[in-house]
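4 protein chains.
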Amino acid sequence: MSVGPVNINYEVLLSSFRSNVGITSDEVNEAFREIISGLRKMANHNKGSIILLPGSGTTAMEGLTNILKKGNRVLLATNGVFGDRWEEILNKYPIEIKTIRSEPGDNVSEEEILSNLESKKFDAIILTHVETSTGVKSKIEVLRKAKDLGVITVLDSVSGFGGEELDIEKNKIDYVVTASQKALGAPPGIGIAFISQESLSIVERGEGVNGYFIDFKKWLPVMSKLEEGKGSYFATPPVHVILALAKAIELCLKEGMSRRIERHQTVAKAIRSGLESLGLKIVAKRGFEANTVTAVYLEGVSPIDFLNIAKQEGVEFASSVHPKIANRSFRIGHMGWVTKNFAILALSVIERTLRRLGKDIEMGRGVRSAQEVFI
Amino acid sequence: MSVGPVNINYEVLLSSFRSNVGITSDEVNEAFREIISGLRKMANHNKGSIILLPGSGTTAMEGLTNILKKGNRVLLATNGVFGDRWEEILNKYPIEIKTIRSEPGDNVSEEEILSNLESKKFDAIILTHVETSTGVKSKIEVLRKAKDLGVITVLDSVSGFGGEELDIEKNKIDYVVTASQKALGAPPGIGIAFISQESLSIVERGEGVNGYFIDFKKWLPVMSKLEEGKGSYFATPPVHVILALAKAIELCLKEGMSRRIERHQTVAKAIRSGLESLGLKIVAKRGFEANTVTAVYLEGVSPIDFLNIAKQEGVEFASSVHPKIANRSFRIGHMGWVTKNFAILALSVIERTLRRLGKDIEMGRGVRSAQEVFI
Amino acid sequence: MSVGPVNINYEVLLSSFRSNVGITSDEVNEAFREIISGLRKMANHNKGSIILLPGSGTTAMEGLTNILKKGNRVLLATNGVFGDRWEEILNKYPIEIKTIRSEPGDNVSEEEILSNLESKKFDAIILTHVETSTGVKSKIEVLRKAKDLGVITVLDSVSGFGGEELDIEKNKIDYVVTASQKALGAPPGIGIAFISQESLSIVERGEGVNGYFIDFKKWLPVMSKLEEGKGSYFATPPVHVILALAKAIELCLKEGMSRRIERHQTVAKAIRSGLESLGLKIVAKRGFEANTVTAVYLEGVSPIDFLNIAKQEGVEFASSVHPKIANRSFRIGHMGWVTKNFAILALSVIERTLRRLGKDIEMGRGVRSAQEVFI
Amino acid sequence: MSVGPVNINYEVLLSSFRSNVGITSDEVNEAFREIISGLRKMANHNKGSIILLPGSGTTAMEGLTNILKKGNRVLLATNGVFGDRWEEILNKYPIEIKTIRSEPGDNVSEEEILSNLESKKFDAIILTHVETSTGVKSKIEVLRKAKDLGVITVLDSVSGFGGEELDIEKNKIDYVVTASQKALGAPPGIGIAFISQESLSIVERGEGVNGYFIDFKKWLPVMSKLEEGKGSYFATPPVHVILALAKAIELCLKEGMSRRIERHQTVAKAIRSGLESLGLKIVAKRGFEANTVTAVYLEGVSPIDFLNIAKQEGVEFASSVHPKIANRSFRIGHMGWVTKNFAILALSVIERTLRRLGKDIEMGRGVRSAQEVFI
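Here the protein sequences line up with chains D, V, B and W, keeping their order. Number 1424 in my numbering belongs to position 157 of the first sequence; there are no gaps in the numbering. Number 1480 in my numbering belongs to position 213 of the second sequence; there are no gaps in the numbering. Number 1613 in my numbering belongs to position 346 of the third sequence; there are no gaps in the numbering. Number 1629 in my numbering belongs to position 362 of the fourth sequence; there are no gaps in the numbering.
Any copy will do: because identical chains look the same in the list, a pair fits if it lies in one copy or spans two.
Here are the simulated DSS-like pairs of lysine-lysine, each with C-alpha atoms no more than 30 Å apart in a straight line:
| no. | residue 1 | residue 2 |
| --- | --- | --- |
| 1 | K1591 | K1497 |
| 2 | K1437 | K1484 |
| 3 | K1484 | K1337 |
| 4 | K1578 | K1497 |
| 5 | K1578 | K1485 |
| 6 | K1497 | K1485 |
| 7 | K1591 | K1492 |
| 8 | K1578 | K1492 |
| 9 | K1607 | K1548 |
| 10 | K1484 | K1591 |
| 11 | K1521 | K1578 |
| 12 | K1336 | K1359 |
| 13 | K1365 | K1336 |
| 14 | K1437 | K1552 |
| 15 | K1484 | K1359 |
| 16 | K1591 | K1485 |
| 17 | K1314 | K1437 |
| 18 | K1485 | K1337 |
| 19 | K1552 | K1591 |
| 20 | K1337 | K1412 |
| 21 | K1521 | K1497 |
| 22 | K1388 | K1359 |
| 23 | K1359 | K1497 |
| 24 | K1626 | K1607 |
| 25 | K1497 | K1484 |
| 26 | K1607 | K1497 |
| 27 | K1626 | K1536 |
| 28 | K1485 | K1359 |
Note that these hints are calculated values from the structure, not bench results.
The shape of chain D in the complex, shown without the other chains (with noise of 0.2 Å):
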């Protein structure tokens, strides 16, 4: 149960499974053609171009360079460590940030974000879907209050896209970034790119301040061909995990959208109700808690000794790497192809640990509130 590479859906892996794919054979370049078409849909993104980018996450993050113009001027509004990330990548760059920030469990109030766009010394303001080092989900609806200041807006939806709801169209987002292994359930390798059609003018005249491995002047007419389903590439994709992330995309058609998150949402619920039946304290404040990870304080018990146990005692979760609750908190992420029983697990093995550790846990008592969730 670690915050991603998540655990994978058997048919998914079995779908990566070939000795002898070509990078532009009829198989990958159908796959190619489902995921951007499945994405489309899943997110509402129906205009603007989708990237699919070798690497992780961070390669996509760092794609927003490529809308970025020399001497912009970034807001970025961060929960914690990943949204932190922001800053560092922007820093090798020509561009001048004001980074706004929360202390952990908390999320940086809209209030702040607007008044200091209103200030109009900004281009564009950076939001963190998820923030996976707390566990924290923003409201995301401030971007399209900050698209209609005139700014770009970014969102980073690593940890949230495909376990959150996401309708980039009706909240005005020029570029989001996701990824391949987290709630979207496929192997890691993947960073996903969402832009929006009016961004992509920036790209095209070659505005940006991006590198070459993630300029998207050469990444864009491949994805046009990949998604006519005509085989094109431009640096060679890892495609074992595009075989696979086009499973992963079926299924997630298959389920629904609103299923989906509301299956997220109702095994992240149970297991906040279960860990505060055994009195541990959920980092995320009420109201900005995440469907996809979960961060949890631990009170007089070492991280380290519970991450341990816990693994022995038959689950691994994520330590936690916020520095500043790091060394009394553990993570638990909950996406991707996660149920009711993965619920109960969890919660069985906390007990269990915490036991072991010496806590006078009630066992029981947090599978029982898991439980009174669902029935």
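The hints should help you fit chains V, B and W onto chain D, whose structure is shown.
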């Protein structure tokens, strides 16, 4: 028989078949350790660092910007399309480039390279080990001489390493690029960079012109830990590819590099001998032929028709990508896990394909020549 | 959580994933050798023979006819449906049978068995180790006493071996039957027979009443060669199952039989404890409960509805097959690679299922009891 | 290139890759339904029954005892080792057999069969479609004539069905045996019996001399339910093989039986043509050659040496098993998913092997002949 991704050995593919692998799980940590330690032996690269980059060979090519400083002048010797790519990459950065080119099938001469370098105007020299678009192999000893002239030496061995001899220390190469999906015989998804001890100081001082994802300052501590078998990460690696690559490298070490290279050589020789006995002309000039890929001229036959019919006969060859010869040639990839029977298969399909296209080919003639090479 | 084929361990499954395996290839020969040598250790069966029969456990049951002569009288002690199968089998042959039966959940008593045997009217006694239809375990020590009375001793351990203690030599058993797909944790396809040294003479003299496919006179020389690691065959074995079984047995030996049995015991105990705390009644009487399968009474709930809803909740349990209780019970298979979390999962699904069927179940109660067994 | 289990198609193998399949799960039920319905079409067997027996082809051969009554007289026409097996099987039962034999490579003549049957002394006639030990194909039309004489007609098509034409209704065959691992191209583990409507009455009245596991009275109701897509079982089937077989049959239907047989024919013809041009002699007499297996004489070369060196060259051929020719012949299996390139590969390896063994072979000669068959 594409030029990469290659046919993947069964054991290699099975190694990657895991539904649930954490990026810092013991299994992945051990795989990273084995890959790095194996690569050191295979390339005789004991002192500097090795970086495994999520992405492709191009990602690792762009990584060169970590050891190039603003204003550096680079001499690029290119034999074709993939050599030319360096120019496009470096043009994205404040680097000056002088390019010296050969005709398709030819090799930029050692004299030309050295006489340019002796002018003292260059900080670095870039050479392509095997030019995938023409099947031409460079003589990499020139890099040793270049090093003695004080320049940074760079080798693109994406289509070479694993199938051609490569001794990094002996040839004093500062930066070598390769990728998982070529002669190493694993799935695509990982670009690999070997950096000399000397060049690391540029990275450590942060003097490179690089972007964020390929920032080696971020990757070096991660790689150090992974080489010690400890978990660490910067951007999510494609773990399934890592597991497969570890197995591929295990098999490379088991086979032994000299035997592996000899196998590639024998298969390549048999293929060339067969092609020539059928009256076909090899693009690479005599003495410049690579072990890993062969480009072949077609006369009186459309490459598109040729490739389509060959596919019906059971083998997918690669189309030509070199603009000067694309309309009158095709390519055969023969790297990774190729065997004698691979050559036989290729030639028998070429015979039937040419006959079906109306060429007056003596059936069995190409196979006979290959058989004679083997006996 | 069916009663077999069980969930198969990943490594076991991967072992069988070969497209091209000759029946006398080195790979298959080695697998056979390891299976036979492993089974000897696991069951403490050093002197007699082991025969691996393509087919199922029933094939190996019918193999008993190799050591029964025309007119032999057999005493059959049966606790349910699978015990009764022996009667059906032997009725096809010129063998006389006397059957002594227990009620569902009960065990034929040692006294009844021994007093029958002391009448001197029998040549053989057949006992079922674990009766899969009721989850009842026999006390196999009675076979040792039976042997001292001079009869051929037969144990059906199809649902026992691998999860229950079994020492063939110590208990002086002449013929033991098991199968690949139960507590050994491999795919179905192989019936396994252990034959004592003493009984082999009947086979060698060809005195049995057996048919052709199960003719051990044909199989014995094949098995001898395979045990020596040499290729041999009589009827084509299901080679993929053989490869998987070899890996399963490797993992059994690695775990150690005592640890393996203890694991089965703990999981079984937790399941029973959870069920009872939910007010459910175990079919097997106290003291007769098997480690590998539990039959459970349902009150006021249709087994068909129960199984359907449990499946929706994520677990497939097994229907009951014992005619006397089929309409008011179901079964849980818990053998092979089961873990603590397997018990938790089963119980949490049973809780939700019963609640959905209108039973007034305290949610979490069953899981709590299981958790308490584990701590 | 063994004579079975054959190389298994990738898709077929992947279909069987499930860790958790209940024997009456929807997935398995559907697989059974598809297999039975597919086999009916492929063999034109619409009225009688089809039984899928866990085990091997031999299990299905012994199943014939279900329609033979005590004292029945059987005429057996055998062309080699696998024909002879019928004698061994029936000798275990109260059946009288008369065997008529041909020399290796030859076929028992229709005249001999019919003149025997006209004596009115026989209740059944058994014929082998393809004798795997010699590569000889029978003319099965004789069975139609035999049927008109009133006898039960039996065909062993273990090595024929899937690669040779077989119309059960047209040829009036009462009992046909085949197996999963031969020309059907699935893994071994399932013996298949086709029984005519007429013969079923013998089964229903329980008049056969059969044992228990192969008792069709037990299997018929199971198979009826499975054909309707309902779960049912008697002895545990090898579910993984069932899933694979369903996919193999899906692919057979997709290819079409006439195309499938033509493919086998072309490959077989090319192999024979190549062998003969190398001076090798085919065991099967002209006109009797099978599409699925070819036995070949070796002169001046030890078969053991030949097989070992061929294996080094990359292909495992099968040893000869016919006692009269075993020391001077070998066999090539070419059934299931064979292609043109399969023939080329086999011949090129044979050329190199013979040369290495000191034979004065013109390299490429065999491949040329095969190529000429293809063009």
